[in-house]
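Protein chains in written order, with full-length UniProt numbering: chain F, 1 to 332; chain C, 1 to 332.
It is possible that some hints are incorrect.
Given that identical chains are not distinguished, each listed pair holds provided it fits within a single copy or across any two copies.
Cross-link-like lysine-lysine pairs, in silico, DSSO-like; alpha carbons within 27 Å at most [what the hints assert, rightly or not]: (1) K281 with K57; (2) K152 with K287; (3) K288 with K216; (4) K25 with K113; (5) K216 with K320; (6) K277 with K152; (7) K216 with K57; (8) K194 with K287; (9) K159 with K115; (10) K64 with K287; (11) K216 with K61; (12) K115 with K287; (13) K281 with K108; (14) K152 with K194; (15) K25 with K244; (16) K152 with K184; (17) K232 with K244; (18) K64 with K194; (19) K298 with K25; (20) K288 with K194; (21) K25 with K151; (22) K82 with K113; (23) K288 with K115; (24) K151 with K184; (25) K151 with K194; (26) K159 with K287.
Just so you know, these hints were derived from the structure itself, not from any lab.
Each chain, written out:
Number of protein chains: 2
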Amino acid sequence: MRIKEEIGMNNSTGILMVEAIELIKRYDNIYLVSHVQPDGDNIGSTLALAKAIEKFKGGIKVIKVDDIPSDYQFLPGIDMIKNYDINEPIDLLISLDSSDLNRLGLGKEFARKAKRVINIDHHITNDNFGDINIVSPSSAATGEIVYEFIKKMAVDIDKDIATCLYTAISTDTGSFIYSNTTYKTHLIVAELLKVGIDVETININLYQNRSMARTKLFIDSMNSLETYLEGKVGVIAVTQEMLKAYDAKMEDTEGLISFVRGIDSIEVACLLKEIDKNEVKVSLRSKKRIDVSRICNKFNGGGHIRAAGCTINERLPVTKDIILEEILMNFR
Amino acid sequence: MRIKEEIGMNNSTGILMVEAIELIKRYDNIYLVSHVQPDGDNIGSTLALAKAIEKFKGGIKVIKVDDIPSDYQFLPGIDMIKNYDINEPIDLLISLDSSDLNRLGLGKEFARKAKRVINIDHHITNDNFGDINIVSPSSAATGEIVYEFIKKMAVDIDKDIATCLYTAISTDTGSFIYSNTTYKTHLIVAELLKVGIDVETININLYQNRSMARTKLFIDSMNSLETYLEGKVGVIAVTQEMLKAYDAKMEDTEGLISFVRGIDSIEVACLLKEIDKNEVKVSLRSKKRIDVSRICNKFNGGGHIRAAGCTINERLPVTKDIILEEILMNFR
């Protein structure tokens, strides 16, 4: 039986954290789970908490549900993320930065089998799928919640944990420029820097580590930029052919859409990623006015106001027309 | 007569600040001066202090010595920066973010005429040209020193002042990623955010405001990228012809060199800016090993370990050979 507990924007997260820590104390077979297409906040938060629980009582396991992008391979504890057998005993599953069970991929089965599920997240769309739901949409990153959680566990935040948390918070705030960044974000990061983490090396790994393949893909795809509504909407596409030409992967499109949004006239930037002949992943970013999560929700996608995505099962040119029409409607 | 006072890395900045504030109280005709090719730290620090002195006693003037890049036109108080007549009476001149008098351009004459000069800066190469020298190389930005200075003046840091200081600190730390960023940087920025500044709008102005001209110049110049030493050195050039083709200005090269440094193999990125047929401005950035200020010093330039510049009076291809030889020597 699941006891549903929910937390609002400014609710008593502290009590829920204490209850969650009690479960961690009580159970033996504890698993953390990353999500499909893991990003910096997901991987950083997961590894930070894994290392903290390791210090707290040991024996923690981290389930791999998707490939880890090369940008994050430098993170301490990255080898903890492994494949595990669903038939092993599982008592407690902790999910980080996932708004629903489907986001866990094959981790969903582990969640079903677990006696209890702790759900730690900052997405406003979180559906409270856990037995304990520590969901704080006012937090810039799940990493901020995990920072508080580890403090509550009274585990010393060492350099490894601080490096993972810094990565989580930095990547989800675009290095502290997105509107989700608060004074609390900077206070937490100040504490992480006090621990003596190597900010220079972390940031080189996160932001100055673009492969030549990615660089060439970037330049080429930027040449394909099309704009609409007097430059308010910018659309860019990456095809399978382009990936082949530069020996690049789809994850190498990272940073492309931000570059398009960075043009002064642009309000909505759209990146079309051709996954297959009849499958296109759409990423949307907005600057100030348009709620792109609303647009993506129409196609069973989701995300935040300023960053969202969805998948459309059509050919690339058709997808472009479909999403463009929806975007332009939102400017009325 | 000038009373030279110097401050080391960890010296008693506080005492010097109190003395500087005494001079501000004592004198009537007070001028602040920006520097040639002003950047975010220079303009942000200058406007923040100007607004603070305005609240403290009023009557402050800010001397314009060069054009203000469009990125900073949004800053509150930007219209305070004006042309002033050198024949007007001047008692006190305050210089911010300038390592020597030549950096002040025509402001140098104002400095010579002033009864006293206060020199506030964070460059390690600062030659202590003032009567009071508040030079703190451990500060990530001059904006950090100005923050402390305004606190010492007991002037309330309002939204306008906080916006200017945030801009100063953010731009000089590459949005908190450069190695100069400390926990103190984040603590100060947390305080600025508490004031209620509009971080989203500031960051859109600073980092998501690239003109289409700049975007096209970016793409085109990136196509000219040449690499050496198995990709450790990357050289890129912007010619007058390219500027004409895209109706761009030399200030539109902003961000280009960071993009080159952002390639994983690159240790030194070099941007060559053709100012005139026989005049090329060289910008260098390094990642982890090479001290580029040493390279630029050889050509009467200067800067920091990871970011430096110089001017070479030769044609572009000749300049490239000269600077490339010097860079490659540093890899031995």
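Just pull the numbers of the violated hints for me, sorted ascending.
1, 2, 6, 7, 9, 10, 11, 12, 15, 18, 19, 23
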